[in-house]
Amino acid sequence: MASSASMPTTAARQGQTERADTLALRNARLAPGETVIVRIARAGGAGGATEQQEFKVPYQKWMRVLDALNWIAENAATDLAYRWYCGSKMCGTCAVRMNGREVLACWEAVEPEMTIEPLRNLPVVRDLVVDRSPYEKKVASFEPWLRRSETYPGFPEPLSHKQMKNASKALDCISCMCCYSACPVIRLGDFTDFAGPAPLVQLGQTALDPRNDQRRVAVALAQTGIFNCVSCYKCEEVCPAGIPIVSQVIEPLKAKAAVLVPAMAHHALALRAIVAARGRVDPGALVLRVQGLGALSRLRRILRLLVRGKISPLRTLLALKTAAAAPARRILGRVPP
Amino acid sequence: MATRTITTDVAIIGGGAAGCYAALCLQREGISPLIVCKGLVGKSGASLFAGNLVISGKLLGNTDEQARDTAEFLIKYHNQFLIDQRWARRCGEWIERVYYPELEEAGLYFRRDDAGGVVTSPGRIRSVAANVQGNSGVPFMDLRRKQVIRAGIPRLEETVATALLRNSDGAVAGVFCLDVLTGEYTVVEAKAVIMATGYSDRLHKRSTGTREMSADGIAMAWRAGAALVNMEMQWWHTNDIANPPSWQRMQVYPNPMLGSEKSARMVNSNGEEFFNQQQDDPLAFGPYTVQLKALAKQVHAGKARYDGGYFAGFDHCDVEEVDRYTTYGKIYRQLGLEFPEALVETAVTSHYRQGGIDVDTTTMRSSVAGLYVAGGVGGHSNGLIALATFDGKVVSDGIVADFDALGGKPPAENEIEFERRRLDGLRASGGSGPAPVAVKEKLRDIMWDKAGVEKDANGLDRALEELSRVRSDLLPEMRLSNSGVKANYEWLDAIDVANMVDVCELIVQSSLERKESRGPFFRTDFPDTDNRDWLVANVLTKSGNGIKFDRRAYDLPFFAPDFERKANLEVPW
Chain A
1 MASSASMPTT
11 AARQGQTERA
21 DTLALRNARL
31 APGETVIVRI
41 ARAGGAGGAT
51 EQQEFKVPYQ
61 KWMRVLDALN
71 WIAENAATDL
81 AYRWYCGSKM
91 CGTCAVRMNG
101 REVLACWEAV
111 EPEMTIEPLR
121 NLPVVRDLVV
131 DRSPYEKKVA
141 SFEPWLRRSE
151 TYPGFPEPLS
161 HKQMKNASKA
171 LDCISCMCCY
181 SACPVIRLGD
191 FTDFAGPAPL
201 VQLGQTALDP
211 RNDQRRVAVA
221 LAQTGIFNCV
231 SCYKCEEVCP
241 AGIPIVSQVI
251 EPLKAKAAVL
261 VPAMAHHALA
271 LRAIVAARGR
281 VDPGALVLRV
291 QGLGALSRLR
301 RILRLLVRGK
311 ISPLRTLLAL
321 KTAAAAPARR
331 ILGRVPP
Chain B
1 MATRTITTDV
11 AIIGGGAAGC
21 YAALCLQREG
31 ISPLIVCKGL
41 VGKSGASLFA
51 GNLVISGKLL
61 GNTDEQARDT
71 AEFLIKYHNQ
81 FLIDQRWARR
91 CGEWIERVYY
101 PELEEAGLYF
111 RRDDAGGVVT
121 SPGRIRSVAA
131 NVQGNSGVPF
141 MDLRRKQVIR
151 AGIPRLEETV
161 ATALLRNSDG
171 AVAGVFCLDV
181 LTGEYTVVEA
191 KAVIMATGYS
201 DRLHKRSTGT
211 REMSADGIAM
221 AWRAGAALVN
231 MEMQWWHTND
241 IANPPSWQRM
251 QVYPNPMLGS
261 EKSARMVNSN
271 GEEFFNQQQD
281 DPLAFGPYTV
291 QLKALAKQVH
301 AGKARYDGGY
311 FAGFDHCDVE
321 EVDRYTTYGK
331 IYRQLGLEFP
341 EALVETAVTS
351 HYRQGGIDVD
361 TTTMRSSVAG
371 LYVAGGVGGH
381 SNGLIALATF
391 DGKVVSDGIV
401 ADFDALGGKP
411 PAENEIEFER
421 RRLDGLRASG
431 GSGPAPVAVK
441 EKLRDIMWDK
451 AGVEKDANGL
461 DRALEELSRV
471 RSDLLPEMRL
481 SNSGVKANYE
491 WLDAIDVANM
501 VDVCELIVQS
511 SLERKESRGP
521 FFRTDFPDTD
531 NRDWLVANVL
541 TKSGNGIKFD
551 RRAYDLPFFA
561 PDFERKANLE
571 VPW
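Chains as they are written, first to last, in this note's numbering: chain A, 1 to 337; chain B, 1 to 573.
Hints are computed from structural coordinates only; laboratory data are not their basis.
Treat the hints with caution; some may be incorrect.
Stated by the list, open to error - Distance condition first, Cα-Cα at most 25 Å in a straight line; then the derived DMTMM-like pairs of lysine to aspartate or glutamate:
no.: 1; chain 1: A; residue 1: K165; chain 2: B; residue 2: E105
no.: 2; chain 1: B; residue 1: K486; chain 2: A; residue 2: E51
no.: 3; chain 1: B; residue 1: K330; chain 2: B; residue 2: D318
no.: 4; chain 1: B; residue 1: K58; chain 2: A; residue 2: E157
no.: 5; chain 1: A; residue 1: K138; chain 2: A; residue 2: E251
no.: 6; chain 1: A; residue 1: K56; chain 2: B; residue 2: E441
no.: 7; chain 1: A; residue 1: K162; chain 2: B; residue 2: D114
no.: 8; chain 1: A; residue 1: K61; chain 2: B; residue 2: D445
no.: 9; chain 1: B; residue 1: K566; chain 2: B; residue 2: D528
no.: 10; chain 1: B; residue 1: K515; chain 2: B; residue 2: D555
no.: 11; chain 1: A; residue 1: K162; chain 2: B; residue 2: D323
no.: 12; chain 1: A; residue 1: K165; chain 2: B; residue 2: E321
no.: 13; chain 1: A; residue 1: K256; chain 2: B; residue 2: E105
Unchecked claim - Here are some chain B residues pointing at chain A (derived, C-beta under 7 Å):
no.: 14; residue: Y100
no.: 15; residue: D113
no.: 16; residue: V138
no.: 17; residue: R211
no.: 18; residue: V437
no.: 19; residue: N482
Since the structure is predicted, the reported quantities are computational estimates derived from the model, not experimental observations.
Note that beta-carbon positions come from the ideal geometry of N, C-alpha and C, so glycine has one too.
Let's have the full structure, built from the sequences with the hints guiding it.
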């Protein structure tokens with residue numbers, strides 16, 4: 001698999017390749033009867049404080065993280081609070097952090113030593129159970145249901161998989177919130193109004209569906225803060241459903257927002273225009289275009305940018321082009337904003 | 001803690017296909033529903049597991065013969081003739097006329113190819129998938145969840161219904177609930193209650209029932225006085241993953257693949273193939289009983305066990321053929337096995353129950369005033385997500401027709417007080433015995449060992465003795481290590497255990513009563529299928545502290561078996 005000639009094109013595929021390299025090994029690391037050491041962050045009990053408890057769990061063939069939790073709840077800590085329903089990567093309720101990485105407990109093989117913590121970016125109810133309601137409220141506020149712009153013609157309606165390509169990826173979402181926990185922008189709290197990857201995937205299910213009324217999509221997109229996404233691909237990396245969250249959901253949604261709600265995309269469109277005009281990123285021009293004269297009210301920051309050589313007023317004012325300008329224009333001309 | 005009271009027109013217990021659709025239909029009729037869900041609406045329960053969706057009638061170019069085959073499959077292979085055939089016909093017509101168009105109009109994506117054709121599985125009975133085969137329940141139930149939210153239907157989620165509350169006339173007039181996350185009690189007062197808790201219960205060591213399934217719906221209905229039917233007619237999955245334990249709900253789907261002529265194959269411990277649906281029995285679209293019979297013969301020959309030692313997979317298929325429209329490769333890949341070259345060890349898992357609460361299939365009324373039923377918890381048919389959905393519509397119509405006569409007195413205060421004390425008592429359990437979760441496992445062991453795939457009177461009698469010892473010795477001595485109210489799943493386990501013991505006993509008693517073998521119900525002491533005496537509903541009603549059994553014959557207007565008596569293992573269905 002590692003010798004495959006084709007280059008991974010998305011983080012998800014990269015992740016899959018990496019995982020595929022090691023999955024056989026991961027599943028064969030321990031033999032039945034050997035010990036798995038599990039440390040669990042327990043919180044919200046009678047005392048209220050978080051404490052870490054350690055358990056020694058006998059390995060069973062192909063043991064999942066959930067099997068280890070079940071063993072602990074049956075044998076060692078009968079009051080362990082953790083959530084799961086299907087055990088089959090369908091309900092998406094058993095996600096936890098294992099050794100610092102978001103995993104679906106029912107899906108991931110155990111590691112010889114594991115620290116299990118609740119998901120981040122959501123309030124903890126008790127032990128590994130998080131409060132899903134902040135996520136649910138965001139999703140509901142998008143009203144992510146199909147509103148047809150045209151009358152339904154009857155079953156089966158004309159529709160092809162090509163048209164549904166991106167939406168169908170989003171439809172694999174089991175709302176486990178691994179991505180929501182892994183997202184560094186959500187981690188910033190109220191500093192941005194970014195809705196987060198999981199709610200955006202939910203929105204993508206209908207917003208990227210060609211049957212949906214684009215006016216409704218615009219209203220929903222306006223509440224997403226989607227341009228706060230830094231495209232770090234953390235969400236894709238942890239998604240147990242293998243959804244290319246950035247490349248096939250967030251990027252297409254951003255493109256839609258740039259057309260439907262251009263004011264949201266001010267920064268992105270300005271950057272694009274600068275690159276097309278100058279063949280390079282010009283931070284000074286970007287500050288001017290995005291903040292205008294308002295930039296002057298943040299003189300200290302401007303000075304810091306100057307001192308560190310981040311902006312060069314001279315180059316900005318002379319609007320110097322590089323040789324890359326023509327090819328940049330050509331490339332950007334091929335891709336809609 | 002104070003008990004909150006909420007008043008609604010109709011309380012629906014269960015947030016799966018049946019409960020959600022009942023709620024949506026009632027709301028449309030101007031009747032206010034409220035959903036109480038032990039898990040999360042659209043995420044917990046069995047509906048999520050719908051792999052693909054069967055098409056009925058003349059949909060998508062079905063021929064007359066395919067339409068007829070689908071009906072025959074449903075009645076014969078799916079219910080062993082223990083079904084109201086007229087209900088099945090109404091259901092089939094509704095699926096053709098309403099179900100598919102309505103789902104698609106609401107946005108469900110039936111998988112197309114790039115040219116725009118709806119992808120189907122070929123063969124005598126055809127199916128389609130929502131987005132991907134093997135995962136259809138996920139977008140299906142996600143759509144239902146969003147429809148419920150959009151309609152503004154109130155949900156009490158992660159909230160367990162612990163008892164049906166009756167009024168002084170004996171009619172069901174509400175539900176007692178516990179919010180598992182906060183520990184709060186809620187009394188939901190309602191003019192009618194719909195039981196929609198689903199098909200599977202986790203009552204056997206290996207079970208497809210999800211974490212929260214502990215036969216609550218049947219136990220509550222029974223305590224409220226409802227008649228039950230065919231509780232012994234337990235269905236089994238024959239190729240679910242043997243290891244790890246949590247994957248016992250994951251199936252190597254045996255039915256036809258979308259866009260391919262092939263289906264999974266099963267081989268015994270010697271590597272000999274013993275089942276391949278598309279080759280062996282093309283009419284057995286959901287071939288679970290046929291598979292089970294094929295496996296039983298392997299077990300008898302020492303070439304497999306019910307808990308493993310045989311294998312299933314797609315090593316006769318091209319990888320693209322399987323991956324194009326299905327999720328079937330995910331299991332193998334996640335275990336680090338070569339796909340499709342490797343087979344995986346599989347085992348038997350208890351799955352649907354054909355039986356359940358006895359209902360009038362024209363209104364979905366139970367035998368108790370105020371209590372209605374929808375979906376798999378009913379004893380009128382085996383599972384399929386379309387059938388459960390149809391029940392949601394029928395129960396809504398039934399309640400609309402009865403509505404003016406419903407809504408008498410509120411729940412009796414002593415019933416509420418009794419339940420409050422019972423739950424308080426369970427939370428304070430401080431005996432010298434095991435934790436509730438250990439009692440659950442004990443029950444599952446008893447059922448697997450003595451009321452499993454093959455059973456006889458001797459084993460069933462011993463099961464009853466052991467269940468009775470659990471009741472007398474273990475239940476009063478259970479011990480909780482934590483008496484907190486917040487997310488106390490140990491408390492929930494203690495509540496579940498009481499339901500499980502009651503229903504296990506009913507299943508064993510019913511199994512003793514049916515003196516034949518039929519489909520997936522194997523009695524080694526009565527190995528024949530007996531259509532003369534036992535093509536009947538095995539009805540249970542409460543009689544004092546005991547059970548009274550009655551037999552009720554089925555009408556056979558469209559399909560009838562072609563023999564009176566025959567060894568069950570030789571009957572194809």
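So, going through the hints one by one against the coordinates:
no.	hint	verdict
1	K165/A x E105/B	holds (19 Å)
2	K486/B x E51/A	holds (17 Å)
3	K330/B x D318/B	holds (15 Å)
4	K58/B x E157/A	holds (16 Å)
5	K138/A x E251/A	holds (19 Å)
6	K56/A x E441/B	holds (20 Å)
7	K162/A x D114/B	holds (5 Å)
8	K61/A x D445/B	holds (20 Å)
9	K566/B x D528/B	holds (5 Å)
10	K515/B x D555/B	holds (21 Å)
11	K162/A x D323/B	holds (17 Å)
12	K165/A x E321/B	holds (19 Å)
13	K256/A x E105/B	holds (23 Å)
14	Y100	holds (5 Å)
15	D113	holds (6 Å)
16	V138	holds (6 Å)
17	R211	holds (5 Å)
18	V437	holds (5 Å)
19	N482	holds (4 Å)
Checked against the numbered hints given earlier, this structure breaks none of them.
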